[in-house]
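Position chain H against the provided structure of chain S, taking the given hints into account.
Residues per chain are reported as follows:
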Amino acid sequence: MSIDDPRPDPDALLEKVQREAAQAARGKLKLFFGACPGVGKTYAMLTAAGVARAQGVDVLVGVAETHGRAETAHLLEGLEVLPRRRIAYQGRELEEFDLDGALARKPALILVDELAHSNVAGSRHPKRWQDVEELLAAGIDVWTTVNVQHLESLNDIVGGITGIQVRETLPDRVFEQADEVVLVDLTPDELMQRMREGKVYFPQQAERALRNFFRKGNLIALRELSLRRTADRVDAQMREYRSDQAIQAVWETKERLLVCLGPGAGGDRLVRAAARLAGRLHADWIAVYVETPRLQRLADANREQILRTLALAKELGAETATLGGQAAAETLLAYARSRNASKLVVGKSVRTGMSRMLRAPLSDQLSALARDVDVYVVAHEAGEPPAGEATVESLTMDAEPAGPVRWRGYAWAAGLTVATTALGGLLYAHLHLANLIMFYLAGVVWVAVSHGRGPGVLASFLSVALFDFFLVPPRLSFTVHDTQYLLTFAILLAVALTISHLASGMRYQARVALYRERRTRVLNELGRELAGALQAEQIVETAMRHLEGVFQAKACVLLPDARERVRPALPPPGRAELPLDPAIAQWVYDHQEAAGLGTQSLPGAPMHYLPLKAPMRTRGVLALLPGNKRLLFLPEQARLLETLAGQIALALERVHYVEVAQDALVRMESERLRNSLLAALSHDLRTPLTVLSGLADSLPLAGPPLPPRQAEIAEAIHAESLRTSAMVANLLDMARLQGGEVQLRREWQPLEEVVGAALQAVAGPLARHEVRVELPADLPLLEFDSVLMERVFCNLLENAAKYTPPGSRIEIGAHEEGERVSISVADNGPGLPPGREESLFEKFTRGEDESPVAGVGLGLAIVRAIVQAHQGTVRAENRPEGGARFVITLPAGEPPRMPEEE
Amino acid sequence: MGETHAPAPSVLVIEDEPQIRRFLRTALEAEGCQVAEAGSGERGVVEAGTRKPDLVILDLGLPDRDGVDVVRDIRGWSSVPILILSARVGEVDKVSALDAGADDYLTKPFGVAELLARARALLRRTRLGAGDGPLVGFGDVRVDLARRQVTRGGAEVHLTPIEYRLLALLLANAGRVLTHRQILREVWGPSHGQDAHYLRVYMSGLRQKLEVDKTRPRYLRTETGIGYRLVVDG
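Residue numbers (the numbering used here), protein chains in the order written: chain S, 11 to 912; chain H, 260 to 493.
This is chain S alone, in the form it adopts within the complex (with noise of 0.2 Å):
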């Protein structure tokens, strides 16, 4: 779009209405969208369709696969189903899907079930989404059934996962084009539960199907996927939706108000009196300040004013903008064309008298030049800059040179002219003056490109008094004779100094031309650099560089940690004396605003802070100490900080994916291979364990009674069979807890139900201590496993029993404590190594076994590990009166009611 074409872009509304138009024409599809078989796909396709039958819509079942589930075939009764085509092949008949049959029968909504089935050879489309392509383009409303593992590009990440290569495929814009997604969900308990009740598959199928392709951890990572798959199709939606209103917003061109800023003190009245007219109209606004070559040699109290007002500009929710141009007006004019802007504020010139005759006030050229523009004038702006000593710096750019540099513009400026006049007096007998002129005046045109203004202007009145001295007659004298002189004076003063006026002008631009240059390249190298990084720190490391280049300050990046407390990132040598606030910078990255110098936070504070924002969440701070703070806080160099913030953001926030996704991918395989690790051990030890106990056990009855000594044997065989069955089971356990994938049965129970199945489960163990229990009666029910509860109280009774004497005492006690239930099992014994109480809980992971009983410490780590399953806290300790006690406390929550008896 060109700067002064203020209407939307043809091309991309021309799109848009013919997207809509095919739309309009093209029948709708509507995937009913799943992470497997099974999950219900079928039924909530048939479920709504019901419905929309009941609603009068014309319904045509053309495939339903049902499975052989009652329950879903149930729903095809008062539908219509299409008759399937026979089709021969290879001698035998084979069923398919009836495409000509549908469009013929042309109904308005069509059910097609399984897009990804791929058809039976001899049909007119290999594959069944294809025959849907064809159902849609005819007009017909489509609804289909898809799997996630069927879409093309996920093909490879499900195979890898469930190391099942899934031939039927469907190209993923049939997806991403389907007009709606219906996620159809089910938990993948649930689908084993379904599973194993044979809704899903036949019985005889039902088993295979959960030792290979259902396996849990395959179910899971099925759902992820769907679910994320889904997901981004909303966002999509979301985005597109979004575009829509913008292109509308064009037209109904929502108000857009810009705000000329002046260089004087009246600037903070002008943006306010903005703000409230923005707000009234409800209108976006834009404060721009236009730095024209005049406006250059402003003294640096006048520009600091002018950030200031910016900044407040931006503070009352404006745009704001610095512009460079040649006259404020023009330029004016057609930035407010280009951003759509038909509404101009400009404050009122307090000029007077001959200056307001020499140069109209800013409003009245607007006046004259926009015609489809309505300008506003604000009362009393304070009036022209005060002239303060000119030290010739803008806004826009870099510095000029200053001092010795400039004074060398003066010195070129003396000297070529005084050169020029001895090239004159030497060429005076051969040329005339008309040409010498000429000499002087290419001079001042040199002098005024290569250094300026003020050299220019010296050059040229230099060269009209040297031109006079030496070359005019009388020469060698400033009096002339021939009037018609003073006219050539005149006339070359004036050219020579419109020339180092436009030169110098040209100077200027092509300096502002250089720097936006710059700034772009800035960008591009930034972003180029940053989407080859693969980790934070290369990120970081690129935009330092970067940074400091642009800004010529000293930068640091900031990244959190786990816990959420960012720190720096890099610390290479020479950064350590930046005089960095963590507190801030913690500040920054928890408000995500700016702080530090130059902002409304801390603005005392050395070096200025900044949130890297990225679309999902901030992924840092960046700290910058600025060598030159114009540098940083000009509007322009601030967006241009922002904008690479923002770069900095996304590449940290794309890295940070890269890693979830790696890491989700690693953490599937570990579980898969865990999963299998396990059921290998429990299967492959557990068996030959009870086979050999079962064995020794019944060698007593497998014949004639065995010898006394035999028996003793089998009996021993037998015993440690059984011991070392616990220890695997314990060892089991322990890595199925602390690879967290136990999920935790809660149910809302009494205390006494759990503390007797554990007693009687170590009965044996237990025979020879005396048991006491002791629960209050108004014990609350307490919500826990009872399975993995009953374990706790095993193995805790089952220690009591090992390490204290035969006829020990063993005390079962619980109270409510506020909030939560002390549970307490304590015996009369010898009681604990003293020190060493919280140690027992260790033992397994700090893998010393110092005890000769084996599975002592694996018991109590299970016991700490279930405990800390249920929020509960478990701890050792000696009693004063004499033996060992160990105290658990649980959560005691809100039981449910229970219900009256009737």
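Don't read these hints as lab results, they were simulated from the structure.
Beta carbons are placed, not taken as given, at the ideal position from N, Cα and C, and that holds for glycine.
Every clue listed holds true.
SDA-like mimics (lysine to any residue), calculated; alpha carbons at most 20 Å apart, straight line: (1) Lys468/H with Val395/H; (2) Lys209/S with Asp332/H; (3) Lys226/S with Gly320/H; (4) Lys226/S with Arg755/S; (5) Lys468/H with Val783/S; (6) Lys209/S with Asp352/H; (7) Lys639/S with Gln315/S; (8) Lys209/S with Asp323/H.
Selected chain S positions facing chain H (Cβ under 7 Å, derived; list incomplete): (9) Thr697; (10) Val701; (11) Ser703; (12) Leu705; (13) Asp707; (14) Ser708; (15) Ala712; (16) Ser735; (17) Leu769; (18) Val797.
Same frame as chain S, now just chain H:
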């Protein structure tokens, strides 16, 4: 088997591991049973149909079929007692199998004595049938099913209607494991299948009234994670 003079009871063992089959056979034959074996679920269902055994011992972890499906198949046409063998961490599987109609379970590894005790109990149930008169009981508890009266040590015990229904259900299935779901469905009705805490609280009340020490029940036993069992000769 002990006191009865009926022909030797026949037992069908459905188990894929031959060594386990071997010691089961040894133990059961020593107990005077006739033992038939099947190495797969498919084969097991066929054998159960042709041999009409008095007891089926079924491993839940068969390679060819889900054990729960085997239970369902057999229950389709037979009420033969089914004792299932399962891995220790398979509570869900056990509950499914019991819900599907299995009568009892044993967790591997199990002792031969325990196995034989369970087998005996199940065989006795079939021999005697469930209802042998209106007067039943355990310990010092007597229940008159006809008059809905419960006494303990001769003194009448007052039970709430739900407690009585619970007790009657357990008595009718004495020795068998009943899952939470089965009990809830029978006592509270099909809509309360999830409210296991009702059951636990009423069971606690029943133990309070009928057991000597309710934290160490002799008769009303807890099968943790699965359900309850009334042990009459406990």
